[in-house]
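For reference, the chains in residue letters:
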Amino acid sequence: MKRFITAFLAAFIFTFFWGWLLNGVLLKDVYAQTPGLWRSQSEMMSLFHWIIIGQALVILAFVMIYASGFAGGGVVAGIRLGIMLEIAAIGMRLAMYAVQPFPGKLILYGSTAGVIEMIVTGAIVGAIYKPAVRHM
Amino acid sequence: MNHKRGFPAFITAFVFIFFFEFVWHGMLMKSLYMETALLWREQPMFPWLILGQAVIAFAFTGFYVSKIGVNCPATGAGYGLVIGILCAGGDLIRFSVQPLTTKILWMWIAGGLIEFAVAGAIVGAIYKPLSSSTA
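Protein sequences, first through last, are from chains A and B.
Residue numbering for the first sequence follows our numbering, starting at 1 and increasing by one per position.
Residue numbering for the second sequence follows our numbering, starting at 137 and increasing by one per position.
Worth flagging that the hints you see were computed from the coordinates, not collected in a lab.
A hint or two may mislead.
Straight-line C-alpha distance at most 27 Å; calculated DSS-like pairs for lysine-lysine [unchecked claim]: (1) K130(A) - K28(A); (2) K239(B) - K130(A); (3) K203(B) - K2(A); (4) K239(B) - K140(B); (5) K239(B) - K166(B); (6) K166(B) - K264(B).
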């Protein structure tokens, strides 16, 4: 359980800072091209706790899946899980692009960054989480 | 891995996801989307929508087949629920940054949980691992 919580916290902290760097700094100009699709800065700040809860849910599900089917495989298994989940996330971004007038490059950059994010998240979880050793 | 059972599981999951989303988003949630019309395209880009749903079904089924791989609808439904929780996290983040209504948020979360639990049950019911299918 201790390893589970540590893996969750480490991956969550990475995701939080990666999300800030990506969406708050690197893609800022791309978001600025479609201001009507986004909340104002002050609105986003008032809903910031939902971003934290959302990221925590994503990472919790990630670590749960890793612990139930990948544990013991280490960093490689974590990266494999990250890539598998990111493939599904790319499908969701494509479906989102089909119904919302996002610029195509936002989907492209978001998916590229998503691959990096999930690989690193998987590596972190795989490096930290170890299945409990059962003593005879 | 039993590809002979994995492929029909993928096709069935894809067909279910397509029709579920058509009913859930295209019919049940239509009025909610009309309230926020500026956020949406006038007409969906169907090739991208179908490709996206196919990729989701492929990843969802592929993951089950390669890592869980048991012939059990309940196990599949449980797997789908965990994926639904993961999607709910994404929905919360989207709600925080896009001017969506809370009704849309809750319908997305409920829809995601139902959709993936049922898709998981379908995949779990269709897929059989190689050893039991040849026995």
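Tested hints:
Using a Cα cut-off of 27 Å, the hinted pair K130(A) and K28(A) is violated, with the two alpha carbons roughly 38 Å apart. Between K239(B) and K130(A) the CA atoms are separated by roughly 40 Å; this puts the pair beyond 27 Å, and the hint is violated. Distance check on the hinted pair: K203(B) and K2(A) sit about 24 Å apart at the alpha-carbon level, within 27 Å; holds. For the hint linking K239(B) to K140(B), the alpha-carbon distance of about 41 Å lies beyond 27 Å, and the restraint is violated.
Taken as a hint, the K239(B) and K166(B) pair is honoured in the structure, with Cα atoms around 12 Å apart against an allowance of 27 Å. Between K166(B) and K264(B), the direct Cα distance comes to roughly 38 Å. Violation of the 27 Å bound is thereby established for this hinted pair.
In terms of the numbered hints stated before, the structure departs from hints 1, 2, 4, 6, listed from lowest to highest.
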